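Participant: The residues making up each chain are set out below.
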Amino acid sequence: MQPFEEIVVEHGPMVRRVCRALLGPVDTDDAWSETFLAALRAYPDLRPGSNVRGWLVTIAHHKAIDQIRARARGPEPAADLSDRPPDGAPGPEPADTELHGALAALPFKQRGAVVYRYLADLPYAEVGALLECSEAAARRNAADGIARLRRHYEKEPR
Amino acid sequence: MNMTPTDRQILDDLTADDEAACARLRARLAEQADRDGLLDLSYRTTDSPIGPLLLAATPAGLVRVAFERENHDAVLAELASAISPRILRSPRGVDDVARQLDEYFAGHRRIFEVPVDLQLSKGFRRAVLEHLREIPYGATESYTVVAEAAGNPRALRAAGSACATNPIPLVVPCHRVVRRDGTYGQYRGGPEAKHALLTMEAAR
Chain A
140 MQPFEEIVVE HGPMVRRVCR ALLGPVDTDD AWSETFLAAL RAYPDLRPGS
190 NVRGWLVTIA HHKAIDQIRA RARGPEPAAD LSDRPPDGAP GPEPADTELH
240 GALAALPFKQ RGAVVYRYLA DLPYAEVGAL LECSEAAARR NAADGIARLR
290 RHYEKEPR
Chain B
218 MNMTPTDRQI LDDLTADDEA ACARLRARLA EQADRDGLLD LSYRTTDSPI
268 GPLLLAATPA GLVRVAFERE NHDAVLAELA SAISPRILRS PRGVDDVARQ
318 LDEYFAGHRR IFEVPVDLQL SKGFRRAVLE HLREIPYGAT ESYTVVAEAA
368 GNPRALRAAG SACATNPIPL VVPCHRVVRR DGTYGQYRGG PEAKHALLTM
418 EAAR
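Protein chains in written order, with the working numbering: chain A, 140 to 297; chain B, 218 to 421.
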């Protein structure tokens, strides 16, 4: 089995991008740390030959959902993880870039599909499994998400 | 999906990484893991006059010192299977060792004061290592004397292999064991390293 340090060095930056894109800058570090602590705890039991990238992204996904629910339990109404536009639900933290702001404004499933497909490099079948939708729906959500980000970029060129 | 230049720009922006942030997160992870009892092995490397050394520690103490010729990556992989894959680069239990090794090579230290974990050696080999810790700086002993002190005067060959496979060289000073004819015998760090250490200790 690979020493865990190698896993952190290899996948740490990817998990950080995923956490940042899902949660915004304020909660990124905590989500990253919780993901890797949980992974370290479970690591000796990981089956040989497992897909480490997918395993880590799955843990990060659950940590992000926990964070979003915890935020929603605050003064805000219940978290909305559905396809509907956010209407202020899964409250995006103040974003540190225009692009992250645009990403935070996407419905969760579009945001998740863009992040898991393009930042985590997962196949659509795994993206769908994480977002509890079909492979085709995952593909559609990613395309719709990217299209919205594209509009944002073309409106406000950097 | 066909990527437009804008899409590429979007993805480039989202994948811009902050090296410093990742390094800070890794350091914090090691601290949290240690606090939560999940850091089974910590390690670092340190430079020395006989080449870069890998230092690895369990919560009980220093468990492995490895020379460059042993291949540090291979040694970490061995530790992952022999002890635990919960391994992180961390100062825990190894920064003190690195500092004391610096002092040793500078001629300012004769005794190492760090906890050691001898779990990688069992039985007679372990008895040999425990005896080696009593051989003082600058002195040498023959394999015969070592075998006798470890409780089995006839186990010459076993005493030799215990020294040759000592997991904690330098701190457990197997380099102080030499053949009766004065030649050096095997050393994990190579004969040149053993020669350099004995010459250094004899000069002071």
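Please note that a few of the clues may not be correct.
To be verified - Here are the in silico distance ranges between beta carbons for each label pair:
1) B/P266 x A/E271: 52 to 62 Å
2) A/G188 x B/R316: 34 to 44 Å
3) A/A286 x B/H289: 40 to 50 Å
To be verified - To give a feel for the contact side, a few chain A residues facing chain B, derived at Cβ under 10 Å:
4) F143
5) I146
6) A160
7) V165
8) W171
9) P183
10) R186
11) W194
12) I198
13) I204
14) R210
15) L238
These aren't lab readings, by the way, just hints derived from the structure by calculation. Computed from a predicted model, the values in this text were never measured in an experiment. Cβ atoms here follow ideal geometry from the backbone N, Cα and C, with glycine treated the same way.
Participant: If a hint holds in the structure, say so; if it does not, say that too.
Facilitator: Status of each hint after checking the structure:
no., hint, result
1, B/P266 x A/E271: 52 to 62 Å, "59 Å, holds"
2, A/G188 x B/R316: 34 to 44 Å, "41 Å, holds"
3, A/A286 x B/H289: 40 to 50 Å, "48 Å, holds"
4, F143, "5 Å, holds"
5, I146, "9 Å, holds"
6, A160, "6 Å, holds"
7, V165, "13 Å, violated"
8, W171, "5 Å, holds"
9, P183, "6 Å, holds"
10, R186, "13 Å, violated"
11, W194, "14 Å, violated"
12, I198, "13 Å, violated"
13, I204, "20 Å, violated"
14, R210, "21 Å, violated"
15, L238, "5 Å, holds"
Hints 7, 10, 11, 12, 13 and 14 from the list above are not met by this structure, while the remaining hints are.
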